[in-house]
Amino acid sequence: MDTSQLLKGVLDLAVLAVLKDEDGYGYDVLRRLRHGGMDEVGDASVYGTLRRLYRAGYLTSYVVPSDEGPHRKYYGMNDAGRERLVESEKAWRAFAETLDGILRKGAAA
Amino acid sequence: MSGDIDTRPELADYLNRVRAALADLPPEELAEVMEDVEPHVTEVFGEAESAEEVTRRLGTPEAYAAELRAAGGYPPPTAATPGDRRRTWRGRYVFWMTGLTVGVAAATGLSTVEGYSAERFGALVVFGFLLIPGLWLVFSGGVRRSDIETLPEYGLARKLGKSALATLPDKPVAYLVSLRPAWWLIRIVLLALGFLAALESRSSGLVIILGLIGLLVWGGARVRTDRRLLLVMVPANAFVVGLAVALASAAVSGADRGNAYYPTGYSQSGLTYDGSHLANVYAVDAEGKAIPEFYLYDEEGKPLNVYRPSCDTHYGESTEHRNRFPLPRVDYQAGVCRERADLPFMPLPPISGSVTTTAPTTTTPTGPAPTTTTAPPATTTPPVTTTPPVTTTTQ
Numbered sequence: 001m002d003t004s005q006l007l008k009g010v011l012d013l014a015v016l017a018v019l020k021d022e023d024g025y026g027y028d029v030l031r032r033l034r035h036g037g038m039d040e041v042g043d044a045s046v047y048g049t050l051r052r053l054y055r056a057g058y059l060t061s062y063v064v065p066s067d068e069g070p071h072r073k074y075y076g077m078n079d080a081g082r083e084r085l086v087e088s089e090k091a092w093r094a095f096a097e098t099l100d101g102i103l104r105k106g107a108a109a
Numbered sequence: 001m002s003g004d005i006d007t008r009p010e011l012a013d014y015l016n017r018v019r020a021a022l023a024d025l026p027p028e029e030l031a032e033v034m035e036d037v038e039p040h041v042t043e044v045f046g047e048a049e050s051a052e053e054v055t056r057r058l059g060t061p062e063a064y065a066a067e068l069r070a071a072g073g074y075p076p077p078t079a080a081t082p083g084d085r086r087r088t089w090r091g092r093y094v095f096w097m098t099g100l101t102v103g104v105a106a107a108t109g110l111s112t113v114e115g116y117s118a119e120r121f122g123a124l125v126v127f128g129f130l131l132i133p134g135l136w137l138v139f140s141g142g143v144r145r146s147d148i149e150t151l152p153e154y155g156l157a158r159k160l161g162k163s164a165l166a167t168l169p170d171k172p173v174a175y176l177v178s179l180r181p182a183w184w185l186i187r188i189v190l191l192a193l194g195f196l197a198a199l200e201s202r203s204s205g206l207v208i209i210l211g212l213i214g215l216l217v218w219g220g221a222r223v224r225t226d227r228r229l230l231l232v233m234v235p236a237n238a239f240v241v242g243l244a245v246a247l248a249s250a251a252v253s254g255a256d257r258g259n260a261y262y263p264t265g266y267s268q269s270g271l272t273y274d275g276s277h278l279a280n281v282y283a284v285d286a287e288g289k290a291i292p293e294f295y296l297y298d299e300e301g302k303p304l305n306v307y308r309p310s311c312d313t314h315y316g317e318s319t320e321h322r323n324r325f326p327l328p329r330v331d332y333q334a335g336v337c338r339e340r341a342d343l344p345f346m347p348l349p350p351i352s353g354s355v356t357t358t359a360p361t362t363t364t365p366t367g368p369a370p371t372t373t374t375a376p377p378a379t380t381t382p383p384v385t386t387t388p389p390v391t392t393t394t395q
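Taken in sequence, the protein lines are chains A and B.
Start counting the first sequence at 1; every next residue gets the next number (full-length UniProt numbering).
Start counting the second sequence at 1; every next residue gets the next number (full-length UniProt numbering).
Possibly wrong hints are sitting among the right ones.
Here's a subset of chain B near chain A, in silico, CB distances under 10 Å, partners left out [stated by the list, open to error]: (1) V18; (2) E49; (3) E53; (4) R57; (5) A65; (6) R69; (7) G103; (8) S140; (9) G142; (10) E149; (11) L151; (12) D342; (13) M346; (14) P347; (15) L348.
Some chain B residues flagged as far from chain A (calculated, every beta-carbon gap over 12 Å) [said to hold, decoys possible]: (16) M34; (17) T42; (18) E43; (19) V44; (20) L68; (21) A71.
Source of the hints: derived by calculation from the structure; they are not laboratory data.
Virtual Cβ for every residue (Gly too), placed ideally from N, Cα, C.
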C-alpha cells in the first residue's frame, strides 16, 4: 500500500525527532529520516515541513558557509520545539494504541 | 558557489523554475526557502548521473515546488493579478534600464580612447539617474528577483549569453577564470589608470571614475551575497571593460606614434625620393618660372596628402588641400611666425639649361643646403636660412 498519505500526518513529529539530539541542514534531516526507514517521504516535503515548523516557532536556523557548494542552513530545536515534540509523541502513542486496539479487535472478530 | 552553477546549466535552470513556481511567496520567505533548496538540489545534481535521474528522484521543478508548497503550508498559487502585472512591468524597467546602462557604460569606457572630455560621460550620467528608480524598486521589494528572472527577455538574454560564452575558446577562458581572485585588483588598477588620464586632461569625468572605484571597492564583496547590487556592479564592470580596451588600443597606437605632437598617419606617410624623405616639392614651368600652386595625385587620382606646416599655434592644419604644393615654409623672424611660399633656390630654365637643370629641381628639397648645388645667379641668398625649419617640422 502507498504509505505516503500516512507519512504526511506524522512528518512533523519525525522531523522534530531527528533534530532532537543534533542540529542538521536539510539534507541531514532527509538522510536521518531515510536511515530510520522512511524511504517514501519526498525530498520537497521534508524541506516544506522544515519551513513550516520554523515559521511556527519550533525551530531555529543558522547559516554555515561551505567550502564547496552553496552554504548550508542548519536547523536546530528550541524549547518550544522540545515541548512540541513531547506533546506530539504523547499524542502519537495514544493514537497508535487506539488504532492498534481497533485493528486487533477487528482481526479477532 | 557559482562553480557548480556555471558548469551545470540544468542545475541553474532547475532552481530557476522552482523559484518561478514559488514566486508568489513573500520575498523573504522565498529567499529562505531557496536557501534550503539550492544546496539540496545542488547535492542531488552532484550525486545523479543525469538530469533525468534528478527528475526521477525529485520530480519536475514544478512538482517539487508544489510538494514543498503543500508540506510547508503555503497558500496555493494565485493566478496573475493586476499587482503581478505591475510587478512584471517594474521588473522589465529594472532589467532594460540595467541592460542599457551596461551598454552605455561599456561605450563610455571605450570612448575614452578619444579623450576624457566631460561630454563623453553625459550619457552615462543620464542612465545612472534613470537607474536610481530601479535601485529603489529592487531594494524596497517593489521588484523581486523572480520578477526579473521570469521575464521572457531575461531568459533569452541568458540563453544568448550562454551560447556566446560557449563559442569562446576554452583555454583562454579557463585562464581568465583562474585569474578570478585578481580581477578585483585588475579592475581597480584599470580605473586608476583611467583616473590619471582624466586628471591629466582635467576632465570632470574623473569624478565619475572616482565614484566607480569607490563602488567597486565597496560592492565587490557584497555583491556575492546581495544579488541586488548587480544592478550597479554590472554597469561598473562594463565600463571597466570598455576602458581596458581603450587603454590597450591607446597604448598600441601611442607606441606607433612616438611623437605625440603629430596626429597619427602623417609621420609614416609623406613623399620620398630614392628612399629619402622629401621636405617639399617645387615645380617650374618651361621658362623656369615657379608654379606658385599645384596639386599632386597618384596614378589612381588619390591626392598625395601630407602634413601641412602652418603658423597656427595648435598645430591644427586645414583638412582641405593637403596635397597642395609647394608647402609653406614656416619661418620665425624675431619671434614672429611667417609662412613663405617662394622658391628657396633659383632653377635654370629647363629649355636653355638642357640636361643639368632637371635633376636639381627634384633633388634640392632632400638636402638641407640645396642652394650650393644649383647656385647660378646671386639672388638666392635670403631663402637659404629658411630651409632647415621646413625639414624639421615635416620630419
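I'd like to know which numbered hints this structure contradicts. Please list them from smallest to largest. 2, 3, 7, 8, 9, 10, 11, 12, 13, 14, 15, 16, 17, 18, 19, 20, 21
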